[in-house]
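2 protein chains.
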Amino acid sequence: MSSPLLEQLIDALRILPGVGQKTAQRMAYHVLERERDGATRLASVLAESVEKIGHCTRCRDFSETEVCAICTSASRDAHLLCVLESPADRMALEQATGFRGLYFILQGRLSPLDGIGPAELGLDQLAARLAEGEITEMIIATNPTVEGEATAHFLAQLARSKSVKPSRLAHGVPLGGELEYVDRGTLAHAFGSRIEMS
Amino acid sequence: MSSPLLEQLIDALRILPGVGQKTAQRMAYHVLERERDGATRLASVLAESVEKIGHCTRCRDFSETEVCAICTSASRDAHLLCVLESPADRMALEQATGFRGLYFILQGRLSPLDGIGPAELGLDQLAARLAEGEITEMIIATNPTVEGEATAHFLAQLARSKSVKPSRLAHGVPLGGELEYVDRGTLAHAFGSRIEMS
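Chains as they are written, first to last, in the UniProt record's numbering: chain A, 1 to 198; chain B, 1 to 198.
Any given hint could be a false lead.
[What the hints assert, rightly or not] Pair by pair, the computed Cβ-Cβ distance ranges are:
(1) P174(A) / G101(B): 57 to 67 Å
(2) T186(B) / G18(A): 31 to 41 Å
(3) H153(B) / V173(A): 38 to 48 Å
(4) T65(A) / R41(B): 21 to 31 Å
(5) R41(B) / F99(A): 32 to 42 Å
(6) R34(A) / A128(B): 22 to 32 Å
(7) R34(A) / V146(B): 19 to 29 Å
(8) D183(B) / R184(A): 40 to 50 Å
(9) R184(A) / L113(B): 49 to 59 Å
(10) T72(A) / T57(B): 26 to 36 Å
(11) E120(B) / L187(A): 52 to 62 Å
(12) E120(B) / T65(A): 40 to 50 Å
(13) T186(B) / G98(A): 54 to 64 Å
(14) G172(A) / T186(B): 31 to 41 Å
Think of the hints as simulated: they come from the structure by calculation, not from any bench. Note that CB positions come from ideal geometry on N, CA and C, so glycine has one too.
Only chain A is shown next, with the shape it has when bound in the complex:
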């Protein structure tokens, strides 16, 4: 390699998800050839983000302030709480639905083998929040994976113990799909949960 600094740059780029040696090389060359201003901006925003972005103390989502904008918003319905695994899920849900309640981000799912238990997901904090009495319904929107479902059951028990109604996202065939290509589990579930047409 002609420059040790370039080698360091390629190495540093590999922390990005899905970026291996070849992609990191391509990124480094591209940036040095055509995006020097953008790279300077990226460097400063990245350093600032790592320094300033922490977690909201209410919902555990990423936030620069102690409590995030959604949690402090007066226009959101404080009776509804939606529990999600990650900030990306929250963004997807916020963009797709008209949900105007509040969120709680687990930042993971129950996974005892990986040492992720209720404490790591902030469930004591969630329990305290449910005990405040303002929340009436907790919408559980963990991922429909084995671990996500286990987490959902655990959360439903927690909600019931605090006299909060738990609910979860409906399972079934996705819109725009073809039955032929829907997996067996989903199809069985959708058939079992069929709804009478009005």
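Using the hints provided, position chain B relative to the given structure of chain A.
Chain B in isolation, oriented as in the chain A frame:
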């Protein structure tokens, strides 16, 4: 979005090649969740790279110093000069072959429609170097594309005008390929340039 700074970070990541909105989001979340130290390092290396990495005045490759390590090396053969389109090509060639001569990086190829002419590729600089008289053979290793071939012909003329022998990479069927899947142009070329077996 819960944090304006996070939005800026996602936006800044999009300067990287092949990174769109979704990938940038995933990168930002991943970095903030799991790679804060790596991100701090990336930010500083990136800023330093943009500031310090320029082009070698001899070969136009990326370099932190005015003349790069290869151009100053006493162990390289100064009679051979290999001309390439990009630093990535140089690295591929350096890794694949035992070439011990010097390089000249065009940082592009002749493309009049895009406004890239001899001046943009530093061909006056290359001509001056050939005129020095030390170089005896110029190996032209531009990409085997239409523009790369046109550039190669232009370079060959330049070399001849300075009494330097031009040569170029052999075309033919790639090793490990099957004739059935080799494209027609390559196959015709390989057939025409067939070599007597000894």
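(request) List, from low to high, the hint numbers that the structure doesn't satisfy. (result) 3, 10 and 14
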